[in-house]
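Participant: When the letters of the sequence shown are read in order and numbered with the numbering used here, they come out as residues 2 to 429.
These aren't lab readings, by the way, just hints derived from the structure by calculation. Predicted, not measured: the structure shown is a model, and the values here were computed from it. Just so it is clear, CB atoms sit at the ideal spot from N, CA and C, and this is done for glycine as well. Be aware that a few hints might be false.
Beta-carbon label-pair distances, calculated as ranges [said to hold, decoys possible]:
no., residue 1, residue 2, range
1, Trp91, Pro150, 22 to 28 Å
2, Ala95, Pro156, 51 to 57 Å
3, Gln416, Glu159, 42 to 48 Å
4, Val233, Asn325, 41 to 47 Å
5, Ser44, Phe148, 24 to 30 Å
6, Phe148, Trp195, 25 to 31 Å
7, Ala250, Ser328, 40 to 46 Å
8, Ser123, Leu145, 33 to 39 Å
9, Asp368, Ser123, 25 to 31 Å
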Amino acid sequence: MTALAPETTSAMLLRRLRSPAAWADTVDVFAILTAASLPWSTSLAAIFNAALLVCMVPFLDVRAFLEFLKRPICLAPIALVLLALAGTLWSDVAWGARLYAVNPTAKLLVLPVLLYHFERSSRGHHVFIAFLVSCALLSVVSWLVAFYPGLSLKPDFEHGIFVKNYINQSQEFTLCAVALAYPTVLLVREKRYWLAGLLVAISLSFLANMAFVVVSRTALVTVPIMLAVFAVLHLKWRSILLIAAALCAISLLAWQTSSALRDKVETFSSQYRLYKEQGVKTSVGLRLEFWRKSLGFFAEAPIKGHGTGSTRRLFELAATGSRNLASSEVIGNPHNQTLYVAVQWGAIGVVILYAMWLLHLLLFRGDGLGNWIGLLVVVQNVFTSVFNSHLFDFHEGWMYVIGVGVAGGMVLRAQRTGRAVGKAVPDA
């Protein structure tokens, strides 16, 4: 018998290029790389995401994809982007400013793509594991930077911040710390105590970093809400009371031992007093000023808003007082997601925004790891968007798109195949 000739490298590459499965695997890889790079670099995350979209094209079933886009969970984010584009027609600012203001919404177009792909892929959990591991490494580096500030890559030093900023880092650590609660409970029920203990240790390491290194005020507000959602959905009342007592004890200990935590909480009242009594530009005061003026702008054009990119121009016209006063501040982002939408696109935009959040919440009604992560991502975005425009910020916006897109795809896949949405700790 004659031996079969070994396949040449070029022949193997050609075969892979013609294989839809190979392209699908490549999309999975780039999704994992996007999630892993997000805590560290905006540029890398954007590059990997662009590569993901390019690799979708060769094997995309256009008819099936267009049919998939008719689902309400896809139509809502697309509608918000289309509204932003339409809003350029009635805005009265320069066209450059109008088109620039459309850009933050564009990431929402990737959400239906991820939903579609991960309904067909079995590697959704790998994306979340990559994000968790990446954040855990960042937590270690954050501790190192806290003790050795020279290690920071930030030109303007922030305590415990290696890259980006404390708001982004707190968002990541909060999501990871609370997300681990669900698989931990499942592992305890399965009597896999060592693995459950490891997840508890990782979760506590995130919380310890926020207590003793750096934390955002937004995280301080949203952590209890996210934990309450978990407790109500997945624990019995006796367990809720025991865990609540333990958390109170831990919180009191952290309060007594962490001056950074006490200082952060104290800023709420001190900054509010400075703003109310003297009109000073404090972080809390500026937000209150932005919200007050934005409500006035919304009242002027309640149905369709002032148009895309109009926010900064409106604040310029409303600025008063000397430069050290909050009333003089000019900004294009009112630091509230609802007001961000309402000022530019009025009640029409707010209805679409809330419909999108509600549809995505309803998608994750069931039990399982995919449902839990997706639900948590939406809940975090909804409540942090009271204090920031996180859906349209780069970092937090991509956390939403990736989290909802991948977890939603996992849920849709489970519904289609009739399998569980995810294990406590999925197999590799």
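Participant: State, for the Cβ atoms of Asp368 and Ser123, whether the hinted interval 25 to 31 Å holds or is violated.
Facilitator: Between Asp368 and Ser123, where Cβ atoms are some 19 Å apart, the hint is violated.
Participant: So does Ser123 sit 33 to 39 Å from Leu145, Cβ to Cβ?
Facilitator: Since the Cβ atoms of Ser123 and Leu145 sit about 36 Å apart, the hinted range of 33 to 39 Å holds.
Participant: How does the Cβ-Cβ distance of Ala95 and Pro156 compare with 51 to 57 Å: does it lie in that range?
Facilitator: 31 Å, violated
Participant: Measuring from beta carbon to beta carbon, are Ser44 and Phe148 in 24 to 30 Å?
Facilitator: Cβ of Ser44 to Cβ of Phe148: about 28 Å, so the range 24 to 30 Å holds.
Participant: 25 to 31 Å was suggested as the range; check whether the CB atoms of Phe148 and Trp195 agree with it.
Facilitator: 30 Å, holds
Participant: At the C-beta level, are Val233 and Asn325 separated by a distance inside 41 to 47 Å?
Facilitator: About 45 Å separates the Cβ atoms of Val233 and Asn325, which means 41 to 47 Å holds.
Participant: Determine whether the Cβ-Cβ distance between Trp91 and Pro150 falls within the hinted range of 22 to 28 Å.
Facilitator: 49 Å, violated
Participant: In this structure, is the beta-carbon distance linking Ala250 and Ser328 contained in 40 to 46 Å?
Facilitator: 44 Å, holds
Participant: Do the beta carbons of Gln416 and Glu159 sit within 42 to 48 Å of each other?
Facilitator: 43 Å Cβ-Cβ, so the 42 to 48 Å window holds.
Checked against the numbered hints listed earlier, the structure breaks hints 1, 2, 9; every other hint is satisfied.
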